[in-house]
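Could you put the whole structure together from the sequences, leaning on the hints where they help?
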Amino acid sequence: MSSLPFRSVLVANRGEIAVRILRTVKTLGLEGYVVFHAADRDSPAVRAADRAIEITGATPVAAYLDGAQIVEKAKAAGAGAIHPGYGFLSENADFARAVAAAGIVFVGPTPEAIELMGDKVRARNFVAERGFPVAPSAIEDDDPASFAERARAVGAPLLIKPSAGGGGKGMRIVRDLAMLDDEIVRARSEGQRYFGDGRLYVERYVERPRHIEVQVLGDAHGNVVHLFERECSIQRRFQKIIEESPSPGLTPDERTRICEAAAGIARAAGYRNAGTVEFIYGAGEFYFLEMNTRLQVEHPVTEEVTGFDLVAEQLRIAAGAPLGYGQDAVACRGHAIELRLYAEDSSRDFTPTTGPVLVYRTPPDVRVDSGIAEGGRVTAAFDPMLAKVIVHGADRAEAIAKADKALAELVLLGCRTNAAFLRRLLADPDFRSGAMHTGLIAEKPGLAEDPPPDQATIARLLGVAALSLRAVRDAADAVPRLHAAMGGWRN
Amino acid sequence: MARIVSQIDTRSEAFLANAEHNRSLAEELHRRQKDARFKRPQRDLDRLARQDKMFLRDRLEALLDPGTPFLELSTLAANMAYDGDVPGAGQMSGIGIVSGREVIIHADDASVKGGAWYPLSVKKIVRTLDIAIENRLPVIHLCDSAGGFLPLQRDLFADRYYAGRIFRNQSILSKMGVPQLSVVLGHCTAGGAYIPALSDYSVIVRGTGAIFLGGPPLVKAATGEEVTVEELGGADMHTSVSGTADYPAASEAHAFAIAREIVGQWTAAEKTPIDWAEPEDPYYDPQELYGILPRDSRTVFDMRELIARLIDGSHFHEYQPAYGTTLVCGYARIWGYKVGILANNGVLFNDSALKGAHFIQLCDKNRTPLLFLQNITGFMVGKEYERRGISKDGAKMIMAVSGASVPKFTINCNGAFGAGVYGMSGRAFDPRFMFTWPGAGTSVMGAEQAANVLSDIKIRQLAREGRSLSDDEIAAIRDPVLEDYKREQSAYYATSELWDDGILDPVDTRNALGICISAALNAPIEKPHYGVFRL
Amino acid sequence: MQHRIAIEDIVHRVWLSRDARGHSLHLGDAQWPVALEGGTLRFDGKAVPVAVAIDGDRVFVHLDGTAHELVYQNPIAFHAAEAGGPAEDAIRAPMPGSVIATPAVEGDEVAAGDTLIVIESMKLETAVKAPRDGTVEAVRFAVGQSFERDAVLVTLVPQEG
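Chains as they are written, first to last, in my numbering: chain A, 34 to 524; chain B, 68 to 602; chain C, 1368 to 1528.
Bear in mind the hints are in silico, worked out from the structure with no lab data behind them.
Don't take every hint at face value.
To be verified - Here are the simulated DSS-like pairs of lysine-lysine, each with C-alpha atoms no more than 30 Å apart in a straight line:
#: 1; chain 1: C; residue 1: Lys1413; chain 2: A; residue 2: Lys273
#: 2; chain 1: B; residue 1: Lys405; chain 2: B; residue 2: Lys106
#: 3; chain 1: B; residue 1: Lys594; chain 2: B; residue 2: Lys432
#: 4; chain 1: A; residue 1: Lys438; chain 2: C; residue 2: Lys1413
#: 5; chain 1: A; residue 1: Lys477; chain 2: C; residue 2: Lys1490
#: 6; chain 1: A; residue 1: Lys477; chain 2: A; residue 2: Lys438
#: 7; chain 1: C; residue 1: Lys1490; chain 2: A; residue 2: Lys153
#: 8; chain 1: B; residue 1: Lys553; chain 2: B; residue 2: Lys101
#: 9; chain 1: B; residue 1: Lys101; chain 2: B; residue 2: Lys180
#: 10; chain 1: B; residue 1: Lys405; chain 2: B; residue 2: Lys338
#: 11; chain 1: B; residue 1: Lys120; chain 2: B; residue 2: Lys106
What you are looking at is a predicted structure, and each value in this text was computed from that prediction instead of being measured.
What follows is the structure in structure tokens.
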């Protein structure tokens, strides 16, 4: 511990991840600093830090994105290292450079790695050139003459996309290659009509894809290990909701292949610090999707099954230490599940919700990483993730049972959350059997509906409300004793 | 306190026959009350709906606290007047709880002749306000009336206790500091405009409520001015320009919500403290009252049996049990309140009259409200009693009743005839509340006796002219008199004329008295003082 | 008049009474003794753990593993609104978010359907439109400001009559 070249770490982030990072910083005997916008003045992260440094911006989000201000304030405070968390500036290569230039250790990969993997096309080509699996595709622009032929070679099922498109418009799934030529013609004319540009590209379409990602750690000496995979297929509109480790859908052989591919990619990129390689998996095949050059939201499930503190590893690696262990030192025990608690109304199309945090009680013996506290307020200023509930069980069934119990026992009053929706997901037969894919939630719109409470529940809720509302209690107490005893008598 | 030990055999033929008779009287009462409250010609209900008005009974539900008792008074007023066309005299009067406050409600029933005021309607409103004054009860007026019933104006306008008395009573209530709230749900025309104007608070419904001394037709006739109801006296004008009303409401429901909030603001009354203990149900089943009251009201029975079924735990502390035994006197509790009970167990003799006068003073001195249970045909007559001063003794009882400061409550249980009624706190002696049981009549003397007396006069007159009458001819004179008498001495006639505050089912009496005693304690009890007792 | 308490937009009419033994809840024709002591609800003789919090007219309850929100409807406000208040004068936010653009300003004459204010929430852009013809009385939020659901964003000058 005393061998670390920095005595303090400034967290350039907020909410639950700031609290989580500061926790490890403290455990390692270092001083924890955090930047904060006025909107977060009373937040748990600010209270947890040894020093809190105010930053300003046109909007709260803008403040956390102001790299120059953060570096300046970190320098003035004498911070030895900066941990960017996730989101905000965590994958901003210029920021990483600016931090280093200021003589502060950046807790993360090199700016080059950030830039490489940040450019999705560059990253894909890098990975493909080194023989790792990428989804077959054909880009018309590369050679318009051979496009149709190359498109056919991609193989079915495939997705025809307009080059100039977006928002899902003009995409066509082709499952039968005999239809390919016609579909190309139609897609071209749609592209022309919607975007004024008829150029296309084609990509292999994975039906009912699963999102499998692998945690990797690399040091400055070229050592890379993987810490197994996480399954993140329970998503809604590309936002992850439930993550778990290990994946219930992989055979041991597939597991080995995916994890080793991830480690291989990280090694090939000379990757340093923590990162995650994301794959799309379906029907026995998997393809590289992208690499995230930062700590991810769902990292806790890996921590639970491997026993590693990833933030501690990040800090050690950033300090220049070698990993000090090999792949065989990493084992996966039991099963972990993380549930993301959002301030959302699932039955109103997941509209974000706001409100005061009047009561917040977390169940004992359950890891809850959260950025809220009783007395605070959930506002629309930041994204609506309130907390992560992480459970670990001897096997998946036990983990699911613990997860459901944790959600039932977690009390958050004052702002509506998706807790009931999460419990319905946990109870879903496909989820339980492990038959998941990223379209599962979209296929089951009924899950989003909060069922109306039954009569017995309604009566009890009304009883609680009646006794709690001053107006109702006062009206009851105002009736004189005699008349209250007589009840609704009439002559 | 010892419990009254009942001697009644509830399985005897007499008991069962009485019960059957009295139950059917009670059923008849409930049926007639239900009709008086609810049965209306469909066209009148349709008219209300067209005018966007709630039926009176629904207005009441919107106003009252749910799950609380409501004692309705004089439901059957005018049931034997105006050809029975004006049920309840077109008025509703009753004591209930609104936002926790004890209030008395006076409501025009617009489903009866448009809420027009007949002579008995005016009498009922004046009585309601007299109750408010005597008991210091806050008043809520639900105003929705077509105005005075012109064809009978001679019986409702000019005299001392006619329509003017309503507004005089309102002013006196205000002088006493007793709050009044008016909810204007329809027209308040001419005199009726004074009801909201004399109230401390008034709510007026936009579109249906209106206040004006003269309506548009009268204005046009008087000055030629053409003006709409809304412009002349509607909610917005009166709540923002003239200041005659205080709160505009967008609908009746809105008006009642506002009204409830207003009443909730009123300072809770300071009740006069009297002896009280935790209430207890009577030890004997009140349903047995039906079997105790005789089918023929001339049959004698022990009033203690009746008392036992009205009072807490049937505990009764009898006063002077061996003296003046035709008047039962004693202390008991009703809904926890200590009361002094006087109940007739025969005709009044000298000693019973003296006992009554003494007991009344005793209760007055120790601040115990008085309950009179009437079952009286009169005082004892005859030489011996006159020599002993029965007129004097009756006068002493009357002096005591009239002078008593404690609240008095009277129930005519089984008949109240002749001068005995006076000593037993009849209507003229200002009991705070007076009720009649369905089989109980009241008149100056019994029907048989009266018929005999009147036909006797006729017979002797004819005899002086030298004529004698056959039995049939006697019957022909006597029977119509008897019929009229029976009709005019019935409980239904008394209640029709508002000689009482309503007919009560005997089993409802205990609850009614509890509510009445509670209401009465809103007023202070003065110190005892009397006139001269001729000793 | 009973109390109106809404659960999920369904209004229930209830009454709470009290006698020597405690409180009772009245709902329809049924009634049950109820008591709330610390974290326990006693309902009809049965005890069950419960967490409660109040914010103005909103009661939040955690019961049987689920959170619920109940809203007390003040009777005067409810009946006034029901009878036809000036509902179309206040344009409220359908969801929490922040303001992207304010094409309408105070004094503008607008037609029904005109965009009054553009808001953003969770990367969804929504153009909030005028419910009727009228004149803009006030725009309550500036570009960049955040607001909660149901916040009044823009008001129109009330109509006569």
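(message) Next pair to validate is Lys594/B with Lys432/B; report whether the Cα-Cα distance is within 30 Å.
(response) holds (8 Å)
(request) For the pair we were handed, Lys477/A and Lys438/A, check the Cα-Cα distance against 30 Å. (result) Distance ~23 Å between Lys477/A and Lys438/A Cα, so the pair holds.
(request) Assess, step by step, whether the Cα of Lys1490/C is no farther than 30 Å from the Cα of Lys153/A, and give holds or violated. (result) Holds, because 22 Å separates the two Cα atoms, which is no more than 30 Å.
(message) For a C-alpha distance cap of 30 Å, please report whether Lys1413/C and Lys273/A respect it.
(response) Distance of about 40 Å is beyond 30 Å: violated.
(message) With the threshold set at 30 Å, check whether the alpha-carbon distance from Lys438/A to Lys1413/C stays at or below it.
(response) holds (22 Å)
(request) Assess, step by step, whether the Cα of Lys553/B is no farther than 30 Å from the Cα of Lys101/B, and give holds or violated. (result) Roughly 24 Å between the alpha carbons, so the hint for Lys553/B and Lys101/B holds.
(message) For Lys405/B and Lys338/B, compute the direct alpha-carbon distance and say whether it is at most 30 Å.
(response) Satisfied, since the Cα-Cα distance of roughly 15 Å is no more than 30 Å.
(message) Check whether the Cα positions of Lys405/B and Lys106/B lie no farther apart than 30 Å.
(response) violated (40 Å)
(request) For the pair we were handed, Lys477/A and Lys1490/C, check the Cα-Cα distance against 30 Å. (result) holds (23 Å)
(message) Check the hint pairing Lys101/B with Lys180/B against an upper bound of 30 Å on the C-alpha distance.
(response) holds (18 Å)
(request) With a cut-off of 30 Å on the C-alpha distance, tell me whether Lys120/B and Lys106/B pass. (result) holds (17 Å)
Hint check: violations occur at hints 1, 2; the rest are consistent with the structure.
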